[in-house]
Amino acid sequence: MPSLGADMEAGTLVEWRIDKGSRVKRGDVVALVDTEKGVIDIESFEDGVVESLSVKPGVRVPVGTTLALFEGEPVAHAAALPPARAGAPVAIPTMPPAAAPSVERARRISPAARARAASLGVDVAAIHGTGPQGVVTLADVEATVAAAGAKPAAPAAAGRAGIRNAIAASMGRSKREIPHYYLQLALDFQAAASWLEEFNRVRPVPERLLPAVLLIKATARAAAEKDGFSGFYGAGGFARSQAVHVGVAIALRGGGLVAPAILDADRKPLPTIMHELQDLVARVRSGHMRSSEIGTATLTITSLGDEGVDLLLPIIYPPQVAIVGFGSVLERPWAVDGRVEVRPVLNLTLAADHRVTDGRLGAQFLARIRDWLMKPAEL
Amino acid sequence: MTDAAETPDVTREQALQLLGGMLRIRQFEDRCAQLYTELKIRGFLHLYNGEEAVAVGVMQALAPQDAIVATYREHGHALARGVPMNALMAEMFGKRTGASGGRGGSMHVFDTARRFFGGNAIVGGGLPLAVGLALAEKLGRRNGIAACFFGEGAVAEGEFHESLNLAALWRLPVLFICENNLYAMGTALARSEANTDVSAKAASYGMTALPVDGMDVLAVAAATRAAVGAIRGGGGPRLLECRTYRLRAHSMFDAQLYRDKAEVEEWRKRGPLITFTTRCKAAGLITEEDFQRLEKAADGEVEAAVAFAERSEWEPLDALERFVYAEHAT
Amino acid sequence: MSAVAGGDRRITYREALREALREALSADPRVFLMGEDVGRYGGCYAVTKSLLAEFGEERIRDTPLSESAFVGAGIGAALGGLRPIVEIMTCNFSLLALDQIVNNAATLCHMSAGQCPVPVVIRMATGAGRQLAAQHSHSFEGWYAHIPGLRIVAPATIDDARGMLAAALRSPDPVLMFEHIGLLNMEGELIEPLVPLDIDHAAIRRAGRDLTMLSYGASLFKCLEAAATLAGAGVEAEVVDLRTLRPLDDTRIMESVRRTHRVLIVDEGWRSGGLSAELGMRIVEQAFYELDAPIARVCTAEIPIPYPKHLEDAALPSVERVVSAARALVAHES
Chain A
55 MPSLGADMEA GTLVEWRIDK GSRVKRGDVV ALVDTEKGVI DIESFEDGVV ESLSVKPGVR
115 VPVGTTLALF EGEPVAHAAA LPPARAGAPV AIPTMPPAAA PSVERARRIS PAARARAASL
175 GVDVAAIHGT GPQGVVTLAD VEATVAAAGA KPAAPAAAGR AGIRNAIAAS MGRSKREIPH
235 YYLQLALDFQ AAASWLEEFN RVRPVPERLL PAVLLIKATA RAAAEKDGFS GFYGAGGFAR
295 SQAVHVGVAI ALRGGGLVAP AILDADRKPL PTIMHELQDL VARVRSGHMR SSEIGTATLT
355 ITSLGDEGVD LLLPIIYPPQ VAIVGFGSVL ERPWAVDGRV EVRPVLNLTL AADHRVTDGR
415 LGAQFLARIR DWLMKPAEL
Chain B
239 MTDAAETPDV TREQALQLLG GMLRIRQFED RCAQLYTELK IRGFLHLYNG EEAVAVGVMQ
299 ALAPQDAIVA TYREHGHALA RGVPMNALMA EMFGKRTGAS GGRGGSMHVF DTARRFFGGN
359 AIVGGGLPLA VGLALAEKLG RRNGIAACFF GEGAVAEGEF HESLNLAALW RLPVLFICEN
419 NLYAMGTALA RSEANTDVSA KAASYGMTAL PVDGMDVLAV AAATRAAVGA IRGGGGPRLL
479 ECRTYRLRAH SMFDAQLYRD KAEVEEWRKR GPLITFTTRC KAAGLITEED FQRLEKAADG
539 EVEAAVAFAE RSEWEPLDAL ERFVYAEHAT
Chain C
136 MSAVAGGDRR ITYREALREA LREALSADPR VFLMGEDVGR YGGCYAVTKS LLAEFGEERI
196 RDTPLSESAF VGAGIGAALG GLRPIVEIMT CNFSLLALDQ IVNNAATLCH MSAGQCPVPV
256 VIRMATGAGR QLAAQHSHSF EGWYAHIPGL RIVAPATIDD ARGMLAAALR SPDPVLMFEH
316 IGLLNMEGEL IEPLVPLDID HAAIRRAGRD LTMLSYGASL FKCLEAAATL AGAGVEAEVV
376 DLRTLRPLDD TRIMESVRRT HRVLIVDEGW RSGGLSAELG MRIVEQAFYE LDAPIARVCT
436 AEIPIPYPKH LEDAALPSVE RVVSAARALV AHES
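Chains as they are written, first to last, in the working numbering: chain A, 55 to 433; chain B, 239 to 568; chain C, 136 to 469.
Derived from the structure by calculation, the hints contain no laboratory data.
Ideal Cβ positions, reconstructed from N, Cα and C, are used throughout, including at glycine.
Hints should not be assumed to be uniformly reliable.
[Said to hold, decoys possible] Label-pair restraints from in silico Cβ distances:
#, chain 1, residue 1, chain 2, residue 2, range
1, A, E90, B, E526, 52 to 62 Å
2, A, E105, B, Q530, 19 to 29 Å
3, B, G471, C, D172, 24 to 34 Å
4, B, E503, A, E69, 13 to 23 Å
5, C, A368, A, G362, 45 to 55 Å
6, B, A426, A, E90, 48 to 58 Å
7, C, N320, B, L555, 48 to 58 Å
8, B, H566, A, E69, 53 to 63 Å
9, C, P331, B, A351, 55 to 65 Å
10, A, E69, C, I438, 22 to 32 Å
11, B, H566, C, P283, 36 to 46 Å
12, A, G75, B, T525, 31 to 41 Å
13, A, G75, B, E251, 41 to 51 Å
14, B, G378, C, D448, 42 to 52 Å
Based on the provided sequences and hints, a complete structural model is requested.
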């Protein structure tokens, strides 16, 4: 059955013009076939003698079906045409009934706001939306971030300040309002470094500790011992915090910092702090902070350990009253038993609120941090 | 109609050439019909059987610098113009070695090296193009003409009237060749035209328009020579109404309910190949052996073209979005 | 109109088009112009006034009222090696040549596998606003921008009216150029010396940070006026002139969206299946996560353009509707 058109799928043989044994010339009409368009003459494209007729008149066959065979024709040739596939009716799948819509209304947040909140590590659930019908917009996200760095009573930031503007506002306020004093203390980090090396050597990689963990815990323990460095300064003066939540400044990709807290850092074992630190960094980078982690630090530590800077003079995050900075651990000449040796030296700095503590207390605080770092096994 | 007994005014070489030209077209078209039933050629296929004398006769009288615009029934015109049969068959198959890179298919054969501008599938759509090509010849001070083939069905389209008027108004070197095969798909001319005299319509736009026996390749050639000479001489456009007949259906999927089988048989006996062969044999210009030889040669050429098309490659899919815009500055 | 060397001078949009035509005809003998009443009448909109006297009948050709034939002839002449500029009196009449434009100009290069590029420029007046009623007020730029194989441009500014034609003539592809009737009398500064322009890029006509307005043609100026009003209320709109509607300059559009996060599309076509729909979809595809609000659009009302002025004005995009839509886009509830 020849194909006569793109939409011809089958034809009905009406009449044979040949018989077994007929001698056929190229161009001869050999049959009549009925199609949607009417009866069409079917010609032979070859010379030959008919050996057999395969289809009876009145039968409808798909395009490609052998109608007749010539003598000497290998059967394979006649069947070379791809059989037309009759389209089976496609079963229309019935969709399962849709689940009943959830009762609570979904929060609406614009794609840009959602992306910005993620990059800043802000929990969208905590944001009040001011777009039409309460949609959370970019401006709302940025206002939330700015407010986190400011006193709660501060008016919501109007306009479209970015994260840098939020930091700028916060740091500006800090410098304006908080009388900073600065102390620096250099220490020989050899003991801590050796202890870490030994600790890590006998443990598989997932259980190893970073130096930062020692710094966090040492600072936390010192803050628990010395009043005046862990807490908040507000309208009523200094409010000491019993719990020591150490904020860890973490850089964001694309600029800016957040300083989420490791809660109760003075009491947690080092491995726990290590896991929490790793988890914090990962979640900050992927934008999944918990609101409890933002704005709850009672003091902050910050480090430029990778940058090769000897020491840094940080700015206090209001309403905290102290921030401890850790410079890079660098090989420096060091006096040991009257001789000069090369030791890994770490510079601690303290910026503290002079309304709450003074240099003498600050020095003692730094000394306690150093003491703890000299005996890391007891941390 | 030409008297079959008249001695043809050609040499033996010319007769062999003309006959061979028509045979090549006939064999090519018959083979395409078979390939179509075997699903090798798809889409629409419009075959030229019966009209070979028009394409061969006209192309005889055209020069390489002339531009040609044809319709979707253009295989014969392409072959007569010298488009290689391999490229033409590959185009039927849709292979990248086709005349149009496989992108056009049966209805859109282009070969700019031979100034063959399609292959146009909209009835009447090619006439304005021919007018423009002729305008370019005139403004460019060149001596080429634009030869435009179309069927009598195009006479109903507005573009026929607009184009003839414009060509005559601006005295453009266009040769309009109307192949009047009496049926526009399934509609006989008398059922669609209040006035069926195509030449008269063309003449009314201010050009010389003559009917020609489209079954007689010599008559077509002679009429074309005369018309082309006049056009190149600055005489403005002309129309030749070549009266001919389509021995096959409009396209492959056509039950031909609109015409009598007896009528087709009548015209088959008066077809261009039969009549020219008979006349040439009677005049002693060619022999039966010559005919067999030419037929065999045409057959061989067609088979070689099919083999070429079969083994040619498909265009890769990642080239899909090519050619929508020009890839080079012009 | 004396030219001050190295300075700016004031001309109308119409004069800029005419100067562009004059320059094209002078620079390249292959260029010629044809269309209805372009010669002796001087052009329906007087764009081609005086060109016949300057360049003669061979190159400034008045045609019969046969859009299909003369547009097709333009295509054929381009195939034959010339650089025709075909003027269709208005886009409303281009429908009579739709077969030649869509089935020939847009397809010949592709159907011939690159053998037949069609370097024709087809200029058309477009747009509404003169109470010309339904059959003389269409904006089909978006419709034509649907067709692969065509390039669609819409010069809005004086500089573009002056410079886009040369760029279009340089292109080996068919270019449809839409000249809004409302702009013809517009006067402005032409910055000289002229720099070659392209037809590939959008242009930011006004920088802003609060929302992006995407527009073209006459609507561009409605956007600029709206932006001035909005600035008074502290809303800074960035106004992008699309210039080329096919291909669209996705890069510059998305850059603007990334800056402002809010989009207002102003298009004199109808909204359904129009250019505004295409732009909106592209923005969703390429800059979804930048959006701070749903994409907004101001288009012509879904009616054939009515005759009386008050109804026509109400149907078309207006400065007021643009301002209003922009305000809603940046609105806050507190």
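Checked hints:
no. : hint                          : verdict
1   : E90(A) - E526(B): 52 to 62 Å  : 43 Å, violated
2   : E105(A) - Q530(B): 19 to 29 Å : 28 Å, holds
3   : G471(B) - D172(C): 24 to 34 Å : 32 Å, holds
4   : E503(B) - E69(A): 13 to 23 Å  : 18 Å, holds
5   : A368(C) - G362(A): 45 to 55 Å : 50 Å, holds
6   : A426(B) - E90(A): 48 to 58 Å  : 23 Å, violated
7   : N320(C) - L555(B): 48 to 58 Å : 52 Å, holds
8   : H566(B) - E69(A): 53 to 63 Å  : 57 Å, holds
9   : P331(C) - A351(B): 55 to 65 Å : 33 Å, violated
10  : E69(A) - I438(C): 22 to 32 Å  : 60 Å, violated
11  : H566(B) - P283(C): 36 to 46 Å : 18 Å, violated
12  : G75(A) - T525(B): 31 to 41 Å  : 34 Å, holds
13  : G75(A) - E251(B): 41 to 51 Å  : 45 Å, holds
14  : G378(B) - D448(C): 42 to 52 Å : 49 Å, holds
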